[in-house]
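Protein chains in written order, with numbering that gives the first Met the number 0: chain A, 0 to 267; chain B, 0 to 434.
Please note: incorrect hints may appear among the correct ones.
Pairwise CB distance ranges (calculated) [what the hints assert, rightly or not]: (1) Glu145(A) with Ala38(B): 45 to 51 Å; (2) Tyr240(B) with Gly90(A): 26 to 32 Å; (3) Glu256(A) with Lys23(B): 41 to 47 Å; (4) Asp94(A) with Ala421(B): 42 to 48 Å; (5) Tyr240(B) with Glu80(A): 49 to 55 Å; (6) Gly358(B) with Thr142(A): 56 to 62 Å; (7) Pro196(A) with Gln355(B): 53 to 59 Å; (8) Lys428(B) with Asp195(A): 29 to 35 Å; (9) Thr142(A) with Phe244(B): 31 to 37 Å; (10) Phe244(B) with Leu237(A): 30 to 36 Å; (11) Tyr240(B) with Glu145(A): 50 to 56 Å; (12) Lys16(B) with Gly74(A): 47 to 53 Å; (13) Lys428(B) with Ile197(A): 34 to 40 Å; (14) Glu145(A) with Gly414(B): 54 to 60 Å.
Derived list of chain A stretches under chain B, where covered just means 3 residues or more per stretch with a C-beta under 8 Å from a C-beta of chain B [to be verified]: (15) 21-30; (16) 62-71; (17) 121-128; (18) 168-182; (19) 243-253.
Honestly, the hints are just simulated from the structure, not real lab data.
Don't be surprised by glycine CBs; every beta carbon is placed ideally from N, CA and C.
The lines below spell out each chain.
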Amino acid sequence: MQSLVEESAATEQQTEFNSVISAKRVNVFYGDTQALTNVDLEVPENQITSLIGPSGCGKSTFLRCLNRMNDTVDGCRVEGEILLDGVDIYGPGVDEVLLRARVGMVFQKPNPFPKSIYDNVAYGPRIHGLAANKDELDEMVLTSLEKAGLINEVQNRLHSTGTSLSGGQQQRLCIARALAVQPEIILMDEPCSALDPIATAKVEELIEELKENYSIIIVTHSMQQAARISQKTAFFHLGEVVEVGDTEKIFTSPSDERTQGYITGRFG
Amino acid sequence: MTDTPNDPKASGWYGEKYSANLKKRHKSERLFRRLGLSAILIALGLLGILLFSIVGKGYTAFIQTYITLDITFSESVIDKDGTRDPVKMRSASYGNLVRDALRKEFPEVTQRRDLRALFGLVSKDATQQLRKMIAADPSLIGKTIPVRMLASDDVDMFEKGYISRDVVQDDRRVKDNELEWLDALQADGAISTHFNTRFFTGGDSREPEMAGIWGAMVGSFYTLIVTFLISFPIGVMSAIYLEEFAPKNKLTDIIEVNINNLAAVPSIVFGLLGLAIFLNVAHLPRSAPLVGGMTLALMTLPTIIIASRAAIRAVPDSIRQAALGLGASPQQAAFHHILPLAMPGILTGTIIGLSQALGETAPLLMIGMVAFIADIPGGVFDPATVMPVQIFLWADSPERAFVEKTSGAIMVLLGFLIFMNAIAVVLRKKFERRW
């Protein structure tokens with residue numbers, strides 16, 4: 000009964016949109032522990048959706064369900080449906096390796112490969128065979144670096160190692176690397192938590208630009224960040240989606256008192 | 000409170016209780032440092048004793064005593080018929096040339112016993128040497144030229160000072176009359192010492208002055224090549240599979256425990272296994288580097304697997320996730336990213352394993368690599384011995400001259416080990432990447 004009420008409340012708050020991912024009754028278990036309970040979530044196309052909530056609420060777990068990165072965790076089990084363009088990504092015939100090419104991911108800690116900047120970006124196109132020749136590959140690398148706003152800083156040293164960059168640059172390199180595979184959706188798991196405020200501002204600016212062409216889902220611990228950049232916000236608590244809706248609405252007039260409590264800093 | 004007091008004790012922010020405790024802590028700190036330092040010094044001292052004793056005993060193995068005599072290549076001995084037929088000339092008795100030269104040098108010696116002693120001054124190798132000279136240049140026949148020949152091991156030992164004149168004759172390998180002859184030769188300038196190239200180019204021999212380590216070095220080389228070619232790919236593949244792909248369950252747990260146990264199995268057991276399977280079941284050739292290498296590979300495998308797994312585990316998970324997140328398959332992630340990053344550790348482990356194999360004797364005794372083999376092995380199927388077994392064989396020989404050979408061989412083996420470890424360091428530096 001309660002979940003029905005919540006559901007209607009949730010839909011009521013949202014403006015019309017095309018959803019690119021829809022999660023239906025998703026349950027995730029790590030061994031015997033249940034990490035997510037009956038999560039329903041629609042992710043809008045070409046918008047930024049932020050997932051907020053206290054530590055351990057399951058927002059990262061949910062994010063990692065969307066490109067099946069949880070498959071690499073031993074003893075992790077996912078139930079329910081996650082539809083990408085109407086196809087269940089956990090259904091038969093879906094190759095998780097190709098799925099990850101469509102749904103890119105940027106991690107909490109910048110994790111460039113210990114290779115050159117060029118090779119970092121070129122790696123994705125290489126393994127997927129996206130470029131027919133060297134010139135095309137060069138083109139792809141430069142475009143990706145440009146989209147990630149890194150080109151001016153690195154164009155003279157494409158062949159120095161990616162790890163020689165500063166933290167913020169490394170994170171933008173990781174974004175460029177993800178863009179090079181030409182994904183439709185980009186998942187970001189606290190992409191700014193290891194960065195200083197200036198680098199954070201740059202990455203945020205980049206994320207806002209990227210939403211023109213990509214659907215972005217971002218997990219963040221910073222409510223200001225969620226408020227600054229996202230159009231939709233989902234609040235997770237104890238493995239459930241408590242409230243989901245337009246960011247403005249969630250932050251100004253949340254309908255659930257737990258959301259209210261979290262965004263005003265009473266817990267979390 | 001911006002200014003801190005110069006003497007905290009005086010200002011009183013250390014209570015009595017704290018300062019007593021602090022004293023104790025500093026004392027134990029000092030004690031620990033001294034203990035550590037003395038442990039290092041003891042270790043260094045022992046190492047020094049070892050090296051000093053080996054080098055002190057062994058450095059003379061690298062020089063050898065020679066006797067130069069005027070050899071007349073008389074036609075009557077080498078080529079009675081005058082046909083210059085190389086086959087016939089090869090079977091001539093070249094020892095007579097040496098004997099004639101010695102007789103000419105010491106005409107006063109006529110007794111059979113004395114003559115035998117006199118002829119014993121020159122190594123048996125002289126016969127071979129003269130035969131080779133004639134084979135290479137038959138025009139020498141009829142000429143008389145000075146030829147430098149190996150002295151026998153007793154002469155060599157005497158010249159190096161290991162045999163003292165002051166010992167009573169009965170306890171001395173070089174008798175009084177031999178001493179006289181040697182003194183005469185010495186006065187003529189016929190006795191000389193030179194660098195012992197033969198030690199580094201020759202195979203084993205029953206005569207110490209003719210024995211070399213090269214045969215054993217080549218045997219060790221072939222054996223290690225076989226060991227490496229078998230244990231490295233299998234070891235690294237097993238490690239990757241176990242770390243990256245295998246499900247974590249009871250079975251893999253059992254495998255893990257067993258690999259760890261195998262690393263601790265005494266090496267002679269692997270030798271018995273090699274004897275039972277490779278020789279008695281598979282009927283592979285005895286004493287061959289192939290079988291030795293296979294046996295040592297069994298022994299080296301657990302070391303390589305354990306080291307490789309540790310190296311793979313040390314690769315940060317973020318690299319794995321980055322690759323998978325881009326849509327790399329687990330296999331691509333493993334071979335493009337994890338393996339290159341784990342390579343320094345894997346190579347270090349492999350070279351430690353191979354160094355162990357290089358120094359291993361016991362399992363090779365089981366499969367017949369302890370046989371006396373004078374020829375240089377030409378491949379992995381030829382009978383061969385390896386350096387540690389050669390050391391064992393020489394240490395077991397009664398001749399005084401083998402003592403220095405043993406120490407010399409140990410030095411060569413240590414040199415080999417240092418060389419291999421240097422390679423490990425170089426490879427490590429080459430593959431090491433920071434992230």
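Now for the hints, and whether the structure bears them out:
Taking 45 to 51 Å as the suggested C-beta distance range, the pair glutamate 145(A) and alanine 38(B) does not conform, at roughly 60 Å. For tyrosine 240(B) and glycine 90(A), the hinted distance range of 26 to 32 Å is satisfied, since their beta carbons lie about 29 Å from each other. Between glutamate 256(A) and lysine 23(B), the C-beta spacing of about 57 Å breaks the proposed range 41 to 47 Å. Look at aspartate 94(A) against alanine 421(B): about 47 Å separates their beta carbons, and that is inside 42 to 48 Å.
Under the hint 49 to 55 Å, the C-beta atoms of tyrosine 240(B) and glutamate 80(A), about 33 Å apart, miss the expected range. Take glycine 358(B) and threonine 142(A): their Cβ atoms lie about 57 Å apart, and the range 56 to 62 Å holds. Between proline 196(A) and glutamine 355(B) the beta carbons are some 54 Å apart, a value that agrees with the proposed interval 53 to 59 Å. At about 33 Å, the CB distance of lysine 428(B) to aspartate 195(A) agrees with the hint of 29 to 35 Å.
Separation of threonine 142(A) from phenylalanine 244(B) is about 35 Å and conforms to the stated range, judged on CB atoms against 31 to 37 Å. For phenylalanine 244(B) and leucine 237(A), the Cβ-Cβ distance of about 34 Å falls inside the hinted range of 30 to 36 Å, so the restraint holds. At about 41 Å, the CB distance of tyrosine 240(B) to glutamate 145(A) disagrees with the hint of 50 to 56 Å. One distance hint, 47 to 53 Å for the beta-carbon pair lysine 16(B) and glycine 74(A), holds here, with the actual separation near 51 Å.
Restraint check, lysine 428(B) to isoleucine 197(A): a C-beta distance of roughly 36 Å satisfies the suggested window 34 to 40 Å. Separated by about 57 Å at the C-beta atoms, glutamate 145(A) and glycine 414(B) satisfy the suggested range of 54 to 60 Å. Counting residues of the region 21-30 of chain A whose CB lies closer than 8 Å to any CB of chain B gives 0, so the stated coverage by that chain is violated, three being the minimum. Under a criterion of three residues with beta carbons nearer than 8 Å to beta carbons of chain B, the stated coverage of the region 62-71 of chain A is upheld, 3 such residues being counted.
Given a C-beta distance limit of less than 8 Å, the hint that chain B covers the region 121-128 of chain A holds, as 4 residues qualify and 3 suffice. Coverage of the region 168-182 of chain A by chain B holds. Counting CB-CB distances below 8 Å, 4 residues qualify, and the rule asks for three or more. Judged by the Cβ-Cβ criterion of 8 Å, the region 243-253 of chain A is not covered by chain B as claimed, because only 0 of its residues qualify and three are needed.
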